[in-house]
Structure formats: C-alpha cells, structure tokens
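J.: I would like the entire structure built from these sequences, with the hints used as guidance.
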Amino acid sequence: MKKLWQNLIDKYGYPKVSITLMLIILCIIAIIQKQDMSGLLKDSMVRMGMNGILVLAMVPCIISGTGLNFGLSLGIICGILAGCISVELNLTGYKAFFTAVFISIPFSVVVGYLYGWLLNRVKGDEMTVGTYLGFSMVSLMSIGWLLMPFKSPEMIWAIGGKGLRTTIALSDRFAKILDNMVAVPLSGHLLPIGTLIFLGFCCTLMWLFLKSKTGVAMTAAGDNPRFAYASGINVNKQRMIGVILSTMLGGIGILVYAQSFGFLQLYQSPLMMPFGAIAAILIGGATAKKAKISHVISGLILFQALLTISLPVINKMMPEGNLSEVIRIIVSNGVILYALTKVGGND
Amino acid sequence: MQTKHVLEMKNIEKDYYGNKVLKGINLSVKAGEIHALVGENGAGKSTLMNIIFGMPVIHSTGGFNGEVLFDEKPVAVKSPKDAMDLGIGMVHQEFMLLPGFTITENIKLNREITKQNALSRIFGPSLKTLDVNEMRKDAQKALDTIGMGVDDWVPIAGLPVGYMQFVEIAREIDKKNIKLLVFDEPTAVLTESEADKLLDSMKKLAAKGIGILFITHRLDEVLAVADSITVMRDGENVGSISPEEATVEKIAQMMVGRKIERLIVKEAEKNKSEEILLSIKDLKVNMPGEKVKGIDLDIKKGEILGIGGLAGQGKIGIANGIMGLHETTGEVYKNGVKLELNNPKRAIINKLAFVSEDRRGVGLLLDTSIEMNIVMTSMQIQDKFLNTVLSFKMKDDKGIRGWADKMVKELDIRCVGPTQYTRRLSGGNQQKVCIARALTLDPDILFVSEPTRGIDIGAKKLVLDLLIKLNKEMGMTIVMTSSELGELRSICDRIAIVYEGKLEGILSPLDSDVDFGLMMAGEYHAHARGAV
Amino acid sequence: MSTQLNTNKPAAKRFNIKSLLINNSVPLLFLVVCIAGVFISGLPLRFILNEIIVRLARNMFLVLALIIPVIAGMGLNFALVIGAMAGQIGLVFIKIVDVGGLPGFILAIAFSTPFALLFGYGTGKLLNKTKGREMITSLILGFFANGLYQLVFLVFIGTIIPVKNPEIVLSGGIGLKNALDLKFMQYAIDKIFKINFMGIVIPVVPILLIALLCYFLRFIVRTKLGQDFRALGQDIHVAKVSGINTDKVRVIAITISITIAAWGQIIFIQNIGTLNTYASHEQVGMFAIAALLIGGASVTKAKMSNAIIGTILFHTMFIISPIAGNKLFGDAQIGEFFRTFISYGVIGMSLVLHAWQKHMNAKNHEL
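Protein chains in written order, with the numbering used here: chain A, 1 to 347; chain B, 1001 to 1532; chain C, 2001 to 2367.
Bear in mind the hints are in silico, worked out from the structure with no lab data behind them. These numbers were taken from a predicted model, which means no experiment stands behind them. Any given hint could be a false lead.
Stated by the list, open to error - So these bits of chain C aren't anywhere near chain A, every CB distance computed over 12 Å:
{"#": "1", "residue": "Leu2031"}
{"#": "2", "residue": "Val2033"}
{"#": "3", "residue": "Val2054"}
{"#": "4", "residue": "Asp2098"}
{"#": "5", "residue": "Ala2179"}
{"#": "6", "residue": "Phe2197"}
{"#": "7", "residue": "Leu2212"}
{"#": "8", "residue": "Ile2308"}
Said to hold, decoys possible - Label-pair distances were calculated between CB atoms; the ranges are:
{"#": "9", "chain 1": "B", "residue 1": "Gly1361", "chain 2": "C", "residue 2": "Val2032", "range": "45 to 51 Å"}
{"#": "10", "chain 1": "B", "residue 1": "Val1154", "chain 2": "C", "residue 2": "Leu2102", "range": "49 to 55 Å"}
{"#": "11", "chain 1": "A", "residue 1": "Ile32", "chain 2": "C", "residue 2": "Pro2162", "range": "26 to 32 Å"}
{"#": "12", "chain 1": "A", "residue 1": "Ile31", "chain 2": "C", "residue 2": "Leu2170", "range": "27 to 33 Å"}
What the hints assert, rightly or not - Quick list of in silico lysine-lysine cross-link-like pairs, DSSO-like style, CA-CA up to 27 Å:
{"#": "13", "chain 1": "C", "residue 1": "Lys2224", "chain 2": "B", "residue 2": "Lys1176"}
{"#": "14", "chain 1": "B", "residue 1": "Lys1393", "chain 2": "A", "residue 2": "Lys292"}
{"#": "15", "chain 1": "B", "residue 1": "Lys1469", "chain 2": "B", "residue 2": "Lys1406"}
{"#": "16", "chain 1": "A", "residue 1": "Lys290", "chain 2": "C", "residue 2": "Lys2129"}
Backbone N, C-alpha and C define an ideal beta-carbon position, used for all residues, glycine too.
T.: The following block contains the structure:
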C-alpha cells in the first residue's frame, strides 16, 4: 500500500494525486447527497472550456524557460480591450467574437514583446517581476478604463456618461457563442461542446507548434539555455516567442472566458486570474520547468471539476460561509507554493 | 632535538565509489616549517585537503582509511568546525570575504568580540553588543604581523586583489590557536611583487612556529620558500625531497612521470599531411577561470592535436573560444578563410563541432531523449531532419529515429532505446551521445574537451578508442583538450601545452617526462636545455 | 538604519549635491508628486499634517517590520500579512473574552505573540527551502495563509472553537462576522497622553513605542546577531563557510519581522476601531512595502530613515490622491486607482531594478 502510494507520487507528483483523491471523495459525497450529477458535469465542462485557453497559455512560457507566467494578466487585459472594441464596433455573433480575437492579437504581440524584453533582462526573477508587472498594469489599466473614449452606452456608466462599467454584459454580443456552436443535450442540460472543440483546436495547434523547428528550439532553450546557446540557438529570441505566444493565448483565453461567462469583467478582475491558471497546470503535473498539453488537459479536468463539485457539496454540508471559495484559495496557492519549493534553490 | 610535528597523516586511503583516489599517502608537517605539496590536477591534493578539513563530501562518501595525528595526538576531524577548533586554517583560492564589510569585520567574521548588555543577559549571547574597539585592535595586530600597512576600517570592496589575499591570511592568523595553515595556490591571482610579499609573510609566519602547507604549481616559489617538498601523482606520494637536492627539473619529472601506453602504434606514413586546416592567431578568450591570453596554433589536416596544461591555465578556453561560447578576440582561419568569432551558429555552419567539457551543463539536454539530443544542433543549424508541411518546418520523426538508431549502433551507445532520457545514461554513454551529436553535424574538425572526465576506467578506453577510430577511418581532424596528460600522450600526434593563457610549446607524445613537467609548470624556457 | 557601522571614511564626508540627488531620486520624485498633490487638492495644511501624524503613528510599526529581512538578504517580506493575521488573532481573542481598553490592548499583544513566533518560525523554515525565491514564495504564502485564516474564522468558529456571542458570530452560529466592532479598545494607547501643538494633535505613546522600536532595531544591528544578519545579506555563501548557521539566522530574522508586524497590526486596529475580519490584513504587506520603497529603500538596502520618510510620503499621497483625482479628472476613483497603481508600480519597479542589477552582475562576473 505504502509502496503503491510512493509510486503514484513519483509518477504524478503530490498535487495531482492528492487533488484526484479529494475529487473522488467529493464525487462520492455528491452521489450520496443525491446531487444533480449531470448538472455538475455540465458545470464542470463549462468551466473547463472557459478556463482552458488561459491554462494553455502557461505552456509556451514554461517550455521556453521563463517559468510560470504570473504576468498573464497582461494578455488578459489585451483581450478585454479587444472585446470592448468589438462591442464598440457594434458587432454581434461570431463576427463580434472573432473580430475581438483578431484585434487582441496585435495588442498581445506588442505587449508580449515588451514583457519578453523585460523578462530577458531579469532572468531568474521572472516570477516575482511578472507578478508585480501584472499587478501594476491591472491598476494602471483601471485608470485607463475610466478615461478611454468608448461611447457605446452598453459599456459606459449610465450616470456621468464617462468611463467603462465594471462588468459589461455580452448577452446581445457574443455571449455563449462558442458554447452554443455545438451544444449536446444531456438530461436537461446543454453541454458546451463547442467551446471544448475550440480548446481542442488550440491545443492541437500548440502541439503541432511544439513539433516544429521553432518549437523544438524553444524547448531546448528552456530545457538547457547553455546547451541551446552552444547549438547556435538564440535563447533570448526563443524566450521572447514563448512569452508572446503566452500573452496572445491570454488575450484569446479571456475572450473565450467572457463568451462563456456572458460578461466582460474590467478593472481589478484580471488581478488574480493568472494564479488560477497556474494552479490548474501545476495540478495537471507540470512544474515550473516542464509542461505538456496533457498537463493542461488533466489539470483543467481535476481543478475545475474540484471547484465545481465542491461548491454544492460543501454548501449542503455547511451552508454558512463561503467554504468552497476558501478551498479554492488554499488549493491553488498551496499547489503553487509546493511547486516553488521544488524548483531547486540557489543553495 | 626534533621539532614536533603539527600534522602527520599516515597511510591515507580514500575511494569514491570504488575509484581509488588516494593510495596510501604519508605526509607530515613540522611546526614552523613550510611544506610544499605539488602535483598535477587529479593527483589527489584536494581530496587530501578535504580530509584534513573534515569536509562533508568525505564523510558522505564513506570516510577514509588511515590515521591523522594533529599535535602528535590522533584526531578525528568530522567537520570543518572541528578543524577550526583544532587550529587548522585555510587561505582559500577564492576569497571568502564580504565586500561591504570592513577589513576588521572580515577578519573577525563570526568570531566577533562582544560585550554583555542588559538584553543579552536575558536572551543569550547572540544579543551581545560588538566591541568594535577590541576587534579593531586585534585586526590591526594581525595585519601588522603579516606586514600589511592598511587602515583596518576600510571596506573590502575596492581593495586591490593582492590586499584581499592578505586579509584572508590575517583572518587565519587572528585565530589564536592557529597551528597549521594551508595555502591553496595563493599566488595564482597575484602579481609578481604581491606574490613575493606573500612568500615573505609566509616565512614570517613559519618563524612564529606555525606549520604551513603550501599547495602550488609554481615550482620556483617552491624552491624559494619550502623547507620540505612532497610530490603527489595519481593518489600516491611519489616522494619527498629536501630543497637542497631539488631542482625544477627533478620536481617536474616526479610530477609527470608515468608509463605511457600508446594506443596508436606509430605508423610512419599515417596522416603525413602537412596541410594546415585551421590556423589560430593571437586568440584571446575571456572564459572565467580558463582565460586564454593570446595563442597562435596551427592544426593540421587529419591529425589528433592534444591541448594540455594544468587546470586554470586556459587550455579549456581555446575550444570554447573558437566555438563562440565565450567572448573571444583574435583571428581564426580555416583553409585560409577567416572565420567569424563570437557566434556559435557561424562556427557550426563552418563545420566545426564541439564536445564540451561540461557534459551535463552544456553538452546534453538531460530530460530529453537520446535521439533529440543527437539531431538537435543539426536540425536547428543545418535544417536536416525536417519535413515541410504547408511551408511549416516540422520535425521528421521517422528520419530522426533512423539516424539515431544508426548512431546508437555505430557508437555502441548502451541504452534502452533512442527515446530514453540522457539523464539516466552512464557517463560514458552520455559522452557518446555528445560525440554522436557532433558527428551528426558532419564536421571538418572535432573539438573534444575532457572527453573522459567523470567516466569510469573501462569506459574511458572505449571513448578514446572511438576517437582513434574516427581519426583513422574517417580521417577526422580532432583537437582534444584534456587535463590527463597520459591520455593525451596515448592518442595524440602532437601535444600543445598551455601555461598562463599562452602556448608554452608543442611536444611529441614521445618526448621526455621532464619536458612535459617543465612545460606544464611554465619552466620550460627558463630551465630546459637552452643548448638543444 | 545603517547597514554599515559609522566609519570615518573621508569620501562619505564630502558633500556632493549631485550624488545626493541621484541617490535619493525616488523619495525626491514622490516629494514633488506629493507637494503638487497638496496644492491641487487644496486641503488645509493643518488637516494634512494631522492626518499624516495619525497615519504615521498607526503604520510605522508595520513598515519598520520589513527592515531586518532586507538586511539579512531575504528581500522584501511579503509574508508580513501573516504577522498581521497573528495580530488579528489576538484582537479576536480579546473580543471573545471581552476585555477592552489598555488591558485589552496588552492582552491582545500577549495572546498574539506566541502565534506570531510560531508563524514566523514556519515561514522561515519554508523560505529556507526556497532560497533565492523568497519574495515570490512569501507573497504566495501570504495568499495561502489567508485561505487558512478564513478556514479558521469562517468554519472553525462556532464548530470546533466554541464561540456563542451573537455580536461576533454570524447569524447561523458559524463563522465570524465580517466586521468586528472594537470600539471598546479604540485609542487604547493613543489617548493615554496627547499633545496639542498649534492645532496638531500628537499621540505621544504610539510615537514613543515607535521610537523604542527604532532604538531596538538599531541595537539589534550592533549585536552579534545583527552582524550575522548583515553578513548573510552580503553573501550567504561566505557567511556559511565562516561557520554562521545561516538557516537559523534567517528563521530568526523572519520571526522578528513577523512578530513586529503582529504588534503593528494591533496598534493599527486600535486606532481604526473596527476589525474587518477578512480584509484588514490583506493589503498590509503591499502598503508597508510600497511605503518603504518610496522612502528610497531597495530589495537589498533599507534604513530606518527610508521607513519614516517613505511612510510620510506614501500616506500623504493616500490622503490627497482621491481629492486631487477629483479636481483633475472629475473622478475621485482615478485618484484611488492611481495610488494602487503607485503601490504596485513602485514595488514592481524596485523588483525589476534589483533583478536587472543581479542579471548584469552575473553577466559581468562571467566576462
């Protein structure tokens, strides 16, 4: 028994094994409580689709050797900005969504380039710098949202006529556009297969990219920069590509998130978003140095299912207080802490 | 009357994982004498020091055999702290100084003089106040002892390098019970006049009754100050000589002498080409610890050229510089065409390939498969092993597998399969993967640095045999850099010896031990057969 | 606090305006911003001065708590929040046992101290496992601890920890209320002795406590322990080789910091008078760190003067920015966002500069 446990830990790492166990226990309780299992399945799938691309955004960053992207909020801001522009242009439906995606890309590339440029100058401290760069930009953009000359009455405050609202409803724009693209009914619920297909498509593209010449070079640069340098690979360029890709995926990711959620959330909302994405990929078995597409997928399934199922289960056991939120905080930060102790210190 | 021995080591034996590095060493240092310990790299000097200081690395690898007597009493030194308590001090090659602290604070580091105050009476001695005046008095005294006239209250940062060395010494002699002081190549970083001053103060210290163990490779210094000399080679002490009978030539021969096994039977007609393939002019490489300070060297087509020398003299820097891994100036011509320096990519395009001395740090992607390690550089630089799909360059899994299988078979890489991670391979097989990667580039010249470092004896021979095979069968020009002279002499056609970043000379592998020893010690031109 | 004992270096004595400006560019910049803000806001100077003194008295402890880890080379202690949580444990305790006034204040200090020591020890142990990444670790540890804190006060109160008082506990009987009224101990130390100097009210006791803490920090640096802190701050490797038990010294440094933070939080809340159970501590670390940095400190250097100047400047900005924002842009929120941006930005900037310097040093070292 002990040996089996040890083998599991060695193979999958503590976070994955313990989260899986927690999930199994929660599922059993949910069944005992006679929870609406297909509803929970649907909610889990919605959340996986919503968060999927944000988690995928971690992959290029980790692989290129810049570590966990704590500054993902930069990409998220680009996505939100593009979403606002799409609403301002008065677009609806697929056109609105994909225009937003296309608009976000140039923003993300420029921001990612600057971010990558900075990260190449602070090697070894990417995580701390990324975190605070993200925090600063979120608060700087908070001023930006107030001052930007958007006019659409859907987005600006009704009173004063100036400044964007905290949450912008997308119901008339591109809410649920991917979710409903392919929606499969299951005992009264609609499963958001469309978003999952879109996620699968993005994952496949990433997988193909990693098999390309550039992808291989990026992997080598992240794995052993000195080896890469001796092999004539421009390490800083590869890191830059990783950061730009990650920022781009952050922008696209938030738009997918918004369409599923039905709202664009501005101001302080991107602040802590990178942490959730980081926790998910770590739970999937990635480390600060290694990540695969499979880590994204298993991390998404485990983390999002855990969050979804814990909510009703715990509320039933303990209606007072916001225990499932507490669990989210403890699990996600605990997993990141664990990963930090495993990076291997300077000492 | 016999002066008493401060340190006696009797029949010391030590092995690392079955690899014997010390084979019955005897060493004794008398009070008040300067005892020089000389030997090549890998002769076992540092292991011996580690034993004296009780370094953890000794005890975590199973301890050692033999007896250590300190002050004529048997002792068991279990940790560096034990050594310190006994009165053994060390002047490090790298300075262990805090730049922002003053000289006094550095001398008194972790041995501060303190006085009681109200809080320390309650909460214990770590809250005692520093007694700066007393500390300064002590420091000044120590500085005076070694004849260093400098204000004791200046910060270390900004002091000339020579001064830092003296601060280190002052720190050691400030330890009241100091009986034995080890100097580990102390003059390596000093200018000549600084070195002279240092030797002077060593004599002063010895005159105060402190035993001094002086590790160096500068033989003239040995002759200048040593009261007795021990020469080590391959984990044995080859002998002790008194300074009266010692000459530079004698010591040099003792350091190097060994039976040479030529793996190549000298064939008169072999690779007789005199065509110069690569010509190096005034090469300077800024590689930390292995600086090259201006070397001219020609590499002939089809030869195996050896580059030897002691550690830190710059031999490693040559290949690293040519391959663009460290800042380099000078000129390198290949077939008469000038090569661009400081650009690894250009070097590879120009058909140079490199097997790094730092196998795990530079040579391999440890958590990547053997096959990807083998093809990586070629794929990135030469666009091999790629398929073009919709104008995207994708890796050609089939082609990679085929080539990797072939290399695994040809070089006899022992592995589970080409997808195994290189981290799990033995040192010898890892080295073969590195060589396979270099060969995949189809180079004109193969630079191999320290090919047998950290590899067990059986595998060493395999790697050397492989190099010979490449040279003979494929006509590959090989430049092999190695700290092991024996290895160079066993396979190379010519051996260039580097001393202090410059070329000391080129020898034939069959030249005498004395010549090799003198060249390695940088004494060849001063001493050797001026007449010949 | 000087990380260097006073010396008679001739170079230091030379008065040089240019280097003075360069070395103090950050505080000077913020001084200009603050002066401009004071003018724009049009607030009366007396009001601003009074506010500054109040804020100085209640925040200074938390800022000073950061200094020792910086000296010991552990960077900015983002785990300050954990100390604040320990302080709040003490405050919740006095609310439960219902002891107010000065006895309540002292009891809160006494009750929180063992927790602070324990948390400090744990934090130190964890940071020893993540050397070189102390700052990101302490930041995440702060978030993580916040989760545990919520678990204890939301779930364990009323279940595992029997507390019945409806004034404290949520209506369902489980979990603490979001806001605890601590009027019964508000101004416990502030009101002991006040001086009114030309309309400016000075709470003497907290100021005295701050002076005492400054004296204590100064004292520590001049002891053997302080010398060890400084040695670690310069080069942990050399410190280790010279026989200093570096891990232990690091744990002590962080424990001192967290304990001071716990007390600081109690002083802070005794001035405010209400405890936002789940929010009061959250931004403690960020605000304290931003204040210290605005005072001219960096990741590797911090003096007491940085803490004092920084606190004054940072809180001046706090007082004026909503009003200045309103005057300039017609929106008070802009001022608020601006000061959040400044807090994060100044921290981010200082981290970038530190990392950049480290990177360049490593590069130069190689060349």
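J.: None of the hints should be skipped; say for each whether it holds.
T.: Comparing the hints with the structure gives:
No beta-carbon of chain A comes within 12 Å of the beta-carbon of leucine 2031 of chain C; the shortest separation is about 21 Å. In this structure valine 2033 of chain C is separated from chain A by more than 12 Å, as the shortest Cβ-Cβ distance comes to about 15 Å. Every C-beta of chain A lies more than 12 Å from that of valine 2054 of chain C, the closest at about 25 Å, which supports listing it as non-interface. In this structure aspartate 2098 of chain C is separated from chain A by more than 12 Å, as the shortest Cβ-Cβ distance comes to about 23 Å.
The beta carbon of alanine 2179 of chain C is kept farther than 12 Å from every beta carbon of chain A, the shortest such distance being approximately 15 Å. Listed as a non-interface residue, phenylalanine 2197 of chain C keeps its Cβ farther than 12 Å from every Cβ of chain A; the least gap is roughly 37 Å. Listed as outside the interface, leucine 2212 of chain C is consistent with that label: its C-beta sits roughly 33 Å from the nearest C-beta of chain A, beyond the 12 Å cut-off. Against the 12 Å criterion, isoleucine 2308 of chain C stays outside the reach of chain A, whose nearest CB is about 24 Å from its own CB.
Between glycine 1361 of chain B and valine 2032 of chain C, the C-beta spacing of about 49 Å keeps the proposed range 45 to 51 Å intact. Separated by about 50 Å at the C-beta atoms, valine 1154 of chain B and leucine 2102 of chain C satisfy the suggested range of 49 to 55 Å. About 28 Å separates the C-beta atoms of isoleucine 32 of chain A and proline 2162 of chain C, a value consistent with the hinted range of 26 to 32 Å. Look at isoleucine 31 of chain A against leucine 2170 of chain C: about 30 Å separates their beta carbons, and that is inside 27 to 33 Å.
Note on lysine 2224 of chain C and lysine 1176 of chain B: the hinted pairing holds, with a Cα-Cα distance of about 20 Å set against a maximum of 27 Å. Simply put, lysine 1393 of chain B and lysine 292 of chain A have alpha-carbon atoms about 21 Å apart, close enough for the 27 Å limit, and the pair holds. At roughly 16 Å between alpha-carbon atoms, lysine 1469 of chain B and lysine 1406 of chain B fall within 27 Å of each other, so this suggested pair holds. For the hint linking lysine 290 of chain A to lysine 2129 of chain C, the alpha-carbon distance of about 20 Å falls within 27 Å, and the restraint holds.
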